[in-house]
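First to last, the protein sequences are chains A and B. Heads up, the first sequence is in this note's numbering, so the first residue is 319 and it goes up one at a time. Heads up, the second sequence is in this note's numbering, so the first residue is 72 and it goes up one at a time.
No wet-lab data here; the hints were simulated from the structure. Computed from a predicted model, the values in this text were never measured in an experiment. Mixed in with the good hints, there may be bad ones.
Said to hold, decoys possible - Residues from chain B that keep clear of chain A, each with C-beta distances beyond 10 Å, as calculated: (1) Asp-113; (2) Gln-217; (3) Ser-237; (4) Ala-247; (5) Met-272; (6) Glu-279; (7) Ile-295; (8) Lys-319; (9) Lys-338; (10) Thr-397.
Unchecked claim - Beta-carbon label-pair distances, calculated as ranges: (11) B:Asp-234 <-> A:Asp-353: 57 to 67 Å; (12) A:Arg-472 <-> B:Asp-273: 42 to 52 Å; (13) A:Ala-496 <-> B:Ala-309: 45 to 55 Å; (14) A:Glu-446 <-> B:Lys-236: 29 to 39 Å; (15) B:Lys-120 <-> A:Thr-341: 17 to 27 Å; (16) A:Glu-392 <-> B:Thr-94: 57 to 67 Å; (17) B:Lys-467 <-> A:Asp-521: 43 to 53 Å; (18) A:Asp-521 <-> B:Ser-121: 35 to 45 Å; (19) A:His-495 <-> B:Lys-495: 49 to 59 Å; (20) A:Ala-496 <-> B:Lys-236: 53 to 63 Å; (21) B:Thr-397 <-> A:His-495: 43 to 53 Å; (22) B:Ile-439 <-> A:Arg-532: 20 to 30 Å; (23) A:Thr-341 <-> B:Lys-411: 39 to 49 Å.
We put the CB at the ideal spot given by N, CA and C, even for glycine.
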Amino acid sequence: MGIFDIFKNGLKKTRGFVTEGLTRISAGLGKFDDDKLDELEALLVQADVGVGATLTIMDSVRQSIRATGDDGTEAVTFEVKKQMLEILGEKKQLHIEDNSLNILLLVGVNGTGKTTTAGKLCLRYKEEGKRVMLAAADTFRAAAIEQLQIWGERTQTPVITQTTGSDPAAVCYDAVHAAIARRTDVLIIDTAGRLHNKQNLMDELSKISKVIAREAPSANISALLVIDATTGQNAVIQAEVFGSTVDLHGIVITKLDGSAKGGVAIAVAHKAKAPILFAGLGESAEDLVDFDPELFVNSLLPNS
Amino acid sequence: MFDGLSSKLQGIVSKMRGKARVTEQDIQDMMKEIRMALLEADVNYSVVKSFVADMTEKCKGQEIFSSLTPGQQIVKIVHDSLVELLGSKQNKIAVSPSGFTVIILYGLQGAGKTTSAAKLARVLKSGGKKPLLASVDVHRPAAALQLEVLAAKVGVPSYIRPDEKSAVKIASEAAARAKYLLCDTLIIDTAGRTTIDADMMDELKAIEKTVKPTEKLLVVDAMIGQESVAVAQAFEEAIGLDGFIMTKLDGDARGGAALSIRQVTGKPIKMICVGEKIEDIEDYHPDRMANRILGMGDVLSLIEKAQTQFDEDQAKKTMDRLLKNTFNLEDMLSQFEQIKKMGSIKDVIGMIPGAAGKVKDADVNEGIIDVNMAIIRSMTLKERRFPNILNGMRRKRIAQGSGTTVQQVNQLIKQYEQSAQMMKQFSKMSKGKKRGGFPMGGFPF
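Let the hints inform the model, and build the full structure from the sequences given.
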């Protein structure tokens, strides 16, 4: 299956929702008057694009109609696409340096799929022939360590652990030194889910990231925020607050296939400084793909 | 992070002070804000639309109570209607008349089913029930193990079969085990699913047939967006639900999904989860949820929080010592600990209506309590009890031990002396039965 098909398939629900809505709105008239534009606005909000991003998109749509006089379905769709692409920005990929230690630190609120993402990324780099190591720095949730260990067994990857309740920064310390000693290419660190409004937990996270930076000064460290696509407008705040605690390199949006409201990717991109790097478009490991704004938008909206 | 809806509305009405009646245009303007607030709170779009239409009708031609500003009054109407929609009475978890209650938890991946199952078991256990926790999650690695660990923590039996692939089989075995152990409640934790997954839905239906649940509860993440309605509908149609458990309400998501799912399914929210600890589960209060969705602060929760977290015995001890005029640094330390227990100061302030938007990060120095606690903890017991002996040498040692400066230590001691002084006056007053104000010193922020 090609990458575009994975996108199309994973975004089937959102696509169905958006395309159906567009067709319903423009049916009959074939163009967008003021009422239809309001309906389009509503459609975007319903797809979790978010109030802010929706207003940005709709402002440009209205402006372009005023400028060109073309309010046909095709022209409007084109403008929406253009604006979405502008918000999402250019395609960026996670940079893995050769002959150096790369550290991926997975952070996020509870239940977004950090451990699963750690397992899937592990498999991906393993298949690329890299030496990978996992670290279970989620020492809080019951059986989080075991869950990662099962991924370790599946992918035959060493997993650095301590016991539940131990200091996650200490796990990271161990993991970094083990990774250096074993000449690991990619070290993937799974952390505990934390709600971004809990100061003590956010402090713990900044300690973790400080320890990693201190112990591996020459490593290529990337902190990745894992966001659940079913999350609503809170996703935007998550991106802001995590971004102010750790130096975020990118965002992973998981469970995009489960939701008809994949628009949250646009809401997040509208406010977040870090780019979206990965998208989870299905349950299997190969469904965690590099995020491609163009493919995303083209899978979301009908071809114009 | 959010500007409270009430402050926005106040902005609109400040223009129209002195009017006896709210005009249609005023209502339109305010409804626009309310619509925005609800959408930003992730209330489903169609629910917002019909709700706002209803509200516009209700607000038209309303006389303004002299005690309220028009803005407040509209908020009140909206708030009251929200409370009504959110369920005007509390709903308890049902108990089967047969004497054996089966509760099944459903939900999307990562909603918090396993944690909620354990929390529920704890609540039922402390209510005199004998629950057994069973996991039929055969998909997520270590899910069953997670439940087993939590069950042990709660102190209830559990039934898991990590090697068995048939969820239906595990469920029926779990029911048999629960009866064998003379348990009266079986709580079944299912695998997380995305609603599209027809196979997994079939599995759920088969489990339902086997164990005949009393309560079918959907676990919903408070952060869920517009999808909430589709999720609730899918489960309601496929299996039929008896209610909901809402999780992660300790986050700052406004939880508009609560309104959406109530509106769409008509089923009640039965419990809410408000923290990571096993005891962080509460009864659901519609009025508080309404406040939260509207971003109005939550005075009731704040008061309750203060009550439960503030250890009365401890407070009484301090009070006694205070009256005996023996307030020392140990008491001060325990005061700090009490304050810390109430959560971050910002959170506490956020629950005060009107304060939510006004508190900036810089205004609240969260760290100062920690610093003061560190200083006291670096003292010997003798120093804590008899602060008079704190000479220069000791202060220098304490500063080094706590990673602070001598100035900071001096500041704390000064603060202590002021508090002690005030308490002395207070204790004299109460002994002399004179009237006087309560001393309000000693809060370090």
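Do the hints match the structure? See the list:
no., hint, in the structure
1, Asp-113, "3 Å, violated"
2, Gln-217, "3 Å, violated"
3, Ser-237, "19 Å, holds"
4, Ala-247, "25 Å, holds"
5, Met-272, "13 Å, holds"
6, Glu-279, "22 Å, holds"
7, Ile-295, "5 Å, violated"
8, Lys-319, "6 Å, violated"
9, Lys-338, "19 Å, holds"
10, Thr-397, "33 Å, holds"
11, B:Asp-234 <-> A:Asp-353: 57 to 67 Å, "59 Å, holds"
12, A:Arg-472 <-> B:Asp-273: 42 to 52 Å, "26 Å, violated"
13, A:Ala-496 <-> B:Ala-309: 45 to 55 Å, "47 Å, holds"
14, A:Glu-446 <-> B:Lys-236: 29 to 39 Å, "31 Å, holds"
15, B:Lys-120 <-> A:Thr-341: 17 to 27 Å, "20 Å, holds"
16, A:Glu-392 <-> B:Thr-94: 57 to 67 Å, "42 Å, violated"
17, B:Lys-467 <-> A:Asp-521: 43 to 53 Å, "28 Å, violated"
18, A:Asp-521 <-> B:Ser-121: 35 to 45 Å, "43 Å, holds"
19, A:His-495 <-> B:Lys-495: 49 to 59 Å, "56 Å, holds"
20, A:Ala-496 <-> B:Lys-236: 53 to 63 Å, "34 Å, violated"
21, B:Thr-397 <-> A:His-495: 43 to 53 Å, "51 Å, holds"
22, B:Ile-439 <-> A:Arg-532: 20 to 30 Å, "27 Å, holds"
23, A:Thr-341 <-> B:Lys-411: 39 to 49 Å, "57 Å, violated"
Comparing the model with each earlier hint shows violations of hints 1, 2, 7, 8, 12, 16, 17, 20, 23; every other hint is respected.
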